[in-house]
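A.B. asks: Protein chains in written order, with the numbering used here: chain V, 23 to 386; chain Z, 472 to 790.
It should be emphasised that the hints constitute simulated quantities derived from the structure, not laboratory data.
All C-beta atoms, glycine included, are put in the ideal place defined by N, C-alpha and C.
A hint or two may mislead.
[Unchecked claim] Computed footprint of chain Z on chain V; a stretch qualifies when at least three of its residues, placed anywhere within it, have a C-beta under 8 Å from a C-beta of chain Z:
#1 42-51
#2 68-78
#3 86-100
#4 328-338
[Stated by the list, open to error] FRET-style restraints, in silico, Cβ to Cβ:
#5 V:Arg348 <-> Z:Phe576: 30 to 38 Å
#6 V:Met23 <-> Z:Arg786: 42 to 50 Å
#7 V:Pro72 <-> Z:Ala492: 26 to 34 Å
[To be verified] Just a sample of chain V residues kept apart from chain Z, beta carbon distances all over 12 Å, derived:
#8 Gly123
#9 Ser158
#10 Arg221
#11 Gln268
#12 Ser323
Each chain is listed here by its residues.
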Amino acid sequence: MLLTALSDPAQTVTFGVEDWDLLLRLTRRTRLLGRLAACVDDLGLSENVPEKVAEHFTAAGVFVDQHQRMARWEIDRILKTMEDIDVPMVLLKGSAYILAGLPPARGRLLSDVDLLVPRDALDRIERALKTQGWTSIKLEDYDQRYYRTWMHELPPLRHPERGMEVDIHHTISPLTSRLSPDPEELLRNSIALDNSRLRILHPVDMVLHATVHLFHDGEFINGLRDLVDLADLLAHFGDLPGFWQQLVERAQAQRLGRPLFYMLRYTSRFLGASIPEIVVNNLRSDKPSWPVLRLMDVLVSRTLIPDHPDYPRRGTALAKWLLYVRSHWLRMPPGLLLRHLLRKQYMRWSNQRSTAMSQTGKGG
Amino acid sequence: MAIATIAECRADRESRQVILAELPADDFVKRLAGTGILVQTGPFIVRIRSRIEGFAQLFRRFYAHFPVLAAPAVADFHIQLDRPNSVRRWWRPQALFLLDGQSPFLPYPLSHAFPLFEWGLNWGIAMQAHQYLMLHSAVVERSGRAMLLPAVPGSGKSTLCAAMVSRGWRLFSDEFGLVRSGDGQLIPLPRPLPLKNRSIEVIRDFTPEAELGPSFHGTRKGTVAHLVSPALSVAQSKVSAPPGWLVFPRYKAGVPLRLAPIPKQQAFLKLANNSFNYQLLGLRGFEGVTRLVRDSDCYILTYSNLDEAIDALNRLAES
Numbered sequence: 023m024l025l026t027a028l029s030d031p032a033q034t035v036t037f038g039v040e041d042w043d044l045l046l047r048l049t050r051r052t053r054l055l056g057r058l059a060a061c062v063d064d065l066g067l068s069e070n071v072p073e074k075v076a077e078h079f080t081a082a083g084v085f086v087d088q089h090q091r092m093a094r095w096e097i098d099r100i101l102k103t104m105e106d107i108d109v110p111m112v113l114l115k116g117s118a119y120i121l122a123g124l125p126p127a128r129g130r131l132l133s134d135v136d137l138l139v140p141r142d143a144l145d146r147i148e149r150a151l152k153t154q155g156w157t158s159i160k161l162e163d164y165d166q167r168y169y170r171t172w173m174h175e176l177p178p179l180r181h182p183e184r185g186m187e188v189d190i191h192h193t194i195s196p197l198t199s200r201l202s203p204d205p206e207e208l209l210r211n212s213i214a215l216d217n218s219r220l221r222i223l224h225p226v227d228m229v230l231h232a233t234v235h236l237f238h239d240g241e242f243i244n245g246l247r248d249l250v251d252l253a254d255l256l257a258h259f260g261d262l263p264g265f266w267q268q269l270v271e272r273a274q275a276q277r278l279g280r281p282l283f284y285m286l287r288y289t290s291r292f293l294g295a296s297i298p299e300i301v302v303n304n305l306r307s308d309k310p311s312w313p314v315l316r317l318m319d320v321l322v323s324r325t326l327i328p329d330h331p332d333y334p335r336r337g338t339a340l341a342k343w344l345l346y347v348r349s350h351w352l353r354m355p356p357g358l359l360l361r362h363l364l365r366k367q368y369m370r371w372s373n374q375r376s377t378a379m380s381q382t383g384k385g386g
Numbered sequence: 472m473a474i475a476t477i478a479e480c481r482a483d484r485e486s487r488q489v490i491l492a493e494l495p496a497d498d499f500v501k502r503l504a505g506t507g508i509l510v511q512t513g514p515f516i517v518r519i520r521s522r523i524e525g526f527a528q529l530f531r532r533f534y535a536h537f538p539v540l541a542a543p544a545v546a547d548f549h550i551q552l553d554r555p556n557s558v559r560r561w562w563r564p565q566a567l568f569l570l571d572g573q574s575p576f577l578p579y580p581l582s583h584a585f586p587l588f589e590w591g592l593n594w595g596i597a598m599q600a601h602q603y604l605m606l607h608s609a610v611v612e613r614s615g616r617a618m619l620l621p622a623v624p625g626s627g628k629s630t631l632c633a634a635m636v637s638r639g640w641r642l643f644s645d646e647f648g649l650v651r652s653g654d655g656q657l658i659p660l661p662r663p664l665p666l667k668n669r670s671i672e673v674i675r676d677f678t679p680e681a682e683l684g685p686s687f688h689g690t691r692k693g694t695v696a697h698l699v700s701p702a703l704s705v706a707q708s709k710v711s712a713p714p715g716w717l718v719f720p721r722y723k724a725g726v727p728l729r730l731a732p733i734p735k736q737q738a739f740l741k742l743a744n745n746s747f748n749y750q751l752l753g754l755r756g757f758e759g760v761t762r763l764v765r766d767s768d769c770y771i772l773t774y775s776n777l778d779e780a781i782d783a784l785n786r787l788a789e790s
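Based on the sequences and whatever the hints tell you, model everything.
C.D. replies: Structure (structure tokens):
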């Protein structure tokens with residue numbers, strides 16, 4: 023029902039009260055309530071939903087507006103700070119969709135602003151932002167070292183007067199991963215936004231980046247939302263001449279054929295994205311072996327599609343954990359991975375102890 | 472004539488809405504422990520589930536006059552209060568608050584399940600109900616107009632609100648000034664009124680007939696006891712009111728009574744700073760607060776004696 027509502031919002035007119043009750047809970051959990059509200063509104067169906075649902079749509083719309091307003095303001099402040107630094111600045115993910123007015127921007131929440139910049143400008147940019155008040159959020163030495171040595175971005179920054187997190191990337195996949203998209207080519211192919219020094223990725227790169235982010239970048243927390251973004255991008259760019267051919271070629275040149283295969287499989291399976299036959303054929307060599315594919319199907323559907331909130335199923339947490347380990351496996355060599363996971367577990371454990379103690383202190 | 476009949480039918484059906492007190496006790500406990508009870512509190516529908524016995528009793532007592540909905544309905548909040556699955560089930564048992572299957576807070580001692588529910592629901596409303604401008608304020612009503620008593624720390628708004636309610640003002644809310652964005656009307660949310668620490672004795676002395684629940688000691692706000700919301704206020708939950716007065720109360724021992732008008736621009740700033748979602752609403756927040764301040768007479772009230780304060784506010788409402 024959730025997937026029906028997301029891929030074909032017009033179907034919601036047939037929904038009964040019980041369907042709506044569950045749908046509101048599931049879309050809120052997956053951060054897609056604002057998106058559903060926007061789609062129903064686009065179809066001119068806002069008048070047809072039950073009164074209670076309309077209230078939730080209004081509240082979700084308020085929330086989305088505030089997120090997007092804050093993101094625009096954060097970008098405005100970053101531009102002001104970077105007036106004297108003459109390097110290309112490429113928006114990524116949510117902020118790119120919003121500033122470029124792309125379809126995934128509809129009703130989309132975002133809690134950070136992501137920018138891609140040339141690696142050699144990183145120090146200057148970080149210094150400029152910190153002079154204007156931004157500070158690192160991850161203050162533990164280990165976290166700082168983790169980002170700077172191994173990852174593809176600076177430790178996240180935040181301005182103390184505002185809530186938005188700023189992530190400055192110098193490439194789109196971790197330095198330690200076995201994938202190696204060329205960041206200079208990404209910058210070279212990027213497209214300028216009208217009346218702005220801001221740029222966005224070339225459509226093909228944008229889709230590949232969102233794909234890498236979904237299948238390699240962590241924890242699938244907003245997995246379904248990310249997949250919805252991708253389905254929107256495919257529908258939007260799919261008509262561009264040469265889009266599909268370039269997508270496959272560039273993916274294979276950057277050894278991203280496998281994640282592209284998965285992404286196309288699940289956008290079409292869960293969200294009804296239409297993928298040209300020829301694309302599927304050209305990606306045949308990237309298809310994993312049958313047992314691996316079966317396992318991925320199970321893990322991805324268990325992780326992306328939320329359980330009924332009142333009846334969480336056993337095994338969902340395990341599926342999430344396996345995908346988390348998988349994404350880390352892909353982004354760093356085994357020895358480093360083991361060290362990192364142990365370290366994280368230890369930090370989590372000691373953190374829990376200290377929060378538990380401070381809360382007991384307050385309560386008593 | 473047909474229209475009148477339909478309207479009558481509708482009014483009739485509304486008036487015969489089942490209230491919680493009418494559910495047989497064992498049926499209530501069974502449903503609460505099973506698929507849950509749908510309670511209408513102000514504009515919100517809360518689906519509540521719990522297997523904690525002590526909580527069931529208190530909930531039944533404090534929400535006795537609130538309408539219970541027959542399923543199905545779109546609930547605004549799905550709340551579950553139960554013992555966490557851990558060793559703490561037996562050793563110093565705890566209650567865990569779940570909003571839509573997720574727990575925003577650490578567990579509380581089991582005996583504090585009721586105040587935990589009240590705080591948790593407040594938290595949920597503040598985080599979610601952005602279809603309203605939400606002011607941090609007590610609201611009472613008289614002769615069809617609402618009086619807002621915004622919370623400035625240490626103002627004693629809950630105490631004053633409880634005292635006014637016991638002298639015939641209708642309870643809207645002790646915590647939330649819910650403003651509807653279309654017409655600027657205040658919406659009632661007459662939930663139980665939590666009194667803290669010394670306020671409990673003050674209200675007990677002020678109205679000995681006040682129906683207060685048990686005192687919960689050692690909560691994060693000290694000792695808390697809840698005042699049962701007046702049945703009449705609950706029955707009129709659907710009757711909204713336009714704003715009439717905006718009174719910023721300040722309790723100070725020993726001071727003479729003073730009720731003085733304040734400039735609207737000052738009232739605006741004080742009110743906007745005391746809102747749950749003024750910033751979040753952006754332009755709509757600004758417009759909502761502007762309209763409310765424009766339509767209200769704005770005062771500051773300094774008092775040390777509840778009787779004197781209420782007399783002054785009664786005169787204000789009658790003038």
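A.B. asks: Does each hint hold? Answer for all of them.
C.D. replies: Verification of the supplied hints:
1. 42-51: holds (count 6)
2. 68-78: holds (count 5)
3. 86-100: Per the Cβ count (3), the hint holds.
4. 328-338: holds (count 3)
5. V:Arg348 <-> Z:Phe576: 30 to 38 Å: 32 Å Cβ-Cβ, so the 30 to 38 Å window holds.
6. V:Met23 <-> Z:Arg786: 42 to 50 Å: About 58 Å separates the Cβ atoms of V:Met23 and Z:Arg786, which means 42 to 50 Å is violated.
7. V:Pro72 <-> Z:Ala492: 26 to 34 Å: 28 Å, holds
8. Gly123: 20 Å, holds
9. Ser158: At roughly 25 Å from the nearest Cβ of chain Z, V:Ser158 sits farther out than 12 Å, so the non-interface label holds.
10. Arg221: Holds, since 28 Å exceeds 12 Å.
11. Gln268: Non-interface label on V:Gln268 holds, nearest chain Z Cβ at 40 Å vs cutoff 12 Å.
12. Ser323: 19 Å, holds
Checked against the numbered hints given earlier, this structure breaks only hint 6.
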